[in-house]
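Novice: So the chains spell out like this:
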Amino acid sequence: MDEALLPTLTPTVIGILVRRGADFATAEDAVQDALVEAVRGWPDDPPRDPKGWLVTVAWRKFLDAARADTSRRHRELRVEEEPVPGPGEAVDDTLQLYFLCAHPSLTPASAVALTLRAVGGLTTRQIAQAYLVPEATMAQRISRAKRTVSGVRFNQAGDVATVLRVLYLVFNEGYSGDVDLAAEAIRLTRQLAAMTMHEEVAGLLALMLLHHARRPARTGPAGRLVPLAEQDRGRWNTRLIAEGVDVLQAALARDRLGEFQAQAAIAALHADASTAEETDWVQIVEWYDELVRLTDSPVARLNRAVAVGEADGPQAGLTALAELDPALPRHAAVAAYLHERAGDPVTAARLYTEAARLAPNLPERVHLTQQAARLNAQLRGCPEDG
Amino acid sequence: MGKYLLLKHYRGAPAAVNDVPMDQWTPAEISAHMQYMQDFATRLEGTGEFVDSQALSPRGTFVRYDGEGRPPVTDGPFAETKDVIAGWMVIDVDTYERALELAGELSAAPGAGGKPIHEWLELRPFLGSSPTVTE
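Protein chains in written order, with our numbering: chain H, 1 to 386; chain R, 1 to 135.
In case anyone wonders, no lab produced these hints; they're calculated from the structure. It is possible that some hints are incorrect.
Computed, partial: chain H to chain R, Cβ under 10 Å [said to hold, decoys possible]:
(1) Y131
(2) A222
(3) P326
(4) A359
(5) A372
(6) R374
(7) N376
Covered, in the sense of this in silico footprint (three residues per stretch, anywhere, with C-beta under 8 Å from a C-beta of chain H), are these stretches of chain R [said to hold, decoys possible]:
(8) 4-18
(9) 55-61
We put the CB at the ideal spot given by N, CA and C, even for glycine.
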C-alpha cells in the first residue's frame, strides 16, 4: 500500500464529510483520527479501496464525536441522510479547503498549520516537528484556528492571494524534522494549480520549482551557505528547471503579470545561465523594475540594487542602495558586497562584520562572518584559503 | 541522571585562551569550527545525550511591565551590558562528571590558527520536578 497516497486523500475526505453535513472542525478532527489509524493499520492490513476506507472510518469517528456532543447538548443529529457527493465536486471541495485554511481572519502561523493538516494531510506531530514546537502547542494552535473559522461558510469564495501567501510561507520554511516543507509546499501548490487557471498560482509554482531545483547546490559541508555565483550549476535539477520554465511561460503568455511571476522570471534567468558570468543582469534589472512597480516592496528595491550593481557596475549599485533605508534587513550585507566589488575591502570587511551581527539566522551569520574573515585575511596579506 | 545547560557567552565569561574574534580567523578555520560543532551535536544524538541547541542574536532588549493599561517599558540594547548569551546546548547525561567532560570537549572547538579556543562555557544543572518517591 502506498502510504504517500494518504495525505493526498485528506482534503477530498474532509470535503465528503462536510457535504454530508458535518461541520468543518469536527470533520477535520475525524479525518485526522482516521489518518492516524490508517498509518498504524495499513502497513499490515492494506484496504482495497483506500479512499472508501478513509471515508467510512472518518464518518464513523465523526458520528461518534457528534453523538457524544449531541447527548451532551440534548440535540438532534440530522446529518446521516445527506447524499454522497458526485465525483465532480471533490475538486471544488479541496479548493474551498484551501480558502478556508488561509482565511484572512487567521494569523499566518495558524493558517500555515491548518493548511498543512487539513489540505496537506500531515499529522499534528509532523507539523509540530517541522516547526520545532511541542505537539501539544501545535494541537492547540490548530484547534484555535478551527474555532476562528468556524463561522465561515464552507462554500464562500476566497481570495487566491491569501492562499498563495500561506503556501509561500510553508515553502520558505525549508525542511527540518522528517517533513520536507518545501516539497510539501510544491505538492500543495501543484494541486492548486491543477484546480485553478490563476496566473499567480502558476507563477508561485514556477518560483518554487526554480528555487527547489537549486537546493542541492545551495548548502555545503556543515550546512554552509553557498551563494548563487559560487554554486556548482551541474548540481541544479534540470528537470525541475524545465518544468518551472514551462509553467512560467504558460502563465506569462496570459499577460496578467503578478509578483510571483516576476520573481519566477528572475529565478528563470538565473537558471538559464550556465555560468554566473553569463547571467543576463540587464534583463534581471528590468524584472526587478516590474517587481518594484507591482509591490513597491523595499526588499525588492534592495535586491534590485544588487542586480544594478551587476548590470551597470558597483558604483551604480551603491547609488541605488543610497536611496534605501539602512535599517532594512540585509542592507549591510548588500552594502558590503557592493563595496568589495567597488574595490574598497576595508569598508566591505567592516560592513560584513556588521551584517553578521544583524543576521536573522545562523547559516547567514556564518556566511557573512566568512566573508569578513576572507577580506580581513587578504588585508593582512595572508593567502586566501577559503 | 539529569539535564544540563551548556551556556556560551558573547560577553561576560572569562577570556578564552585563544581569544580571537571570528572575523579575524581564516574562512577555512571558520568552516572547521562549524564542522566540529555539528559533529559534536551529531555524536551526542548518537549516544542519546543531546536535547537541544540554539544560537541567539546578540541584539537584545530589556522589557518590563509598566502598570495596568500601559505598554511595557523597553530599554536597551546596552552596549555596556556585561553578560550577553550567545547560545546554548542542553544535554541529558548520567553524571555530573559526564557533563563536565562534554563541556570540556565543546570548549576545545578549533578557532584561530586551528587551535582549540579553550572557551569558558557555563555549566548549569536544570532544576527538575520533584521525585515521585521521596523516602
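Novice: Which constraints among the numbered hints does this structure fail? Numbers only, ascending.
Specialist: 1, 3, 8
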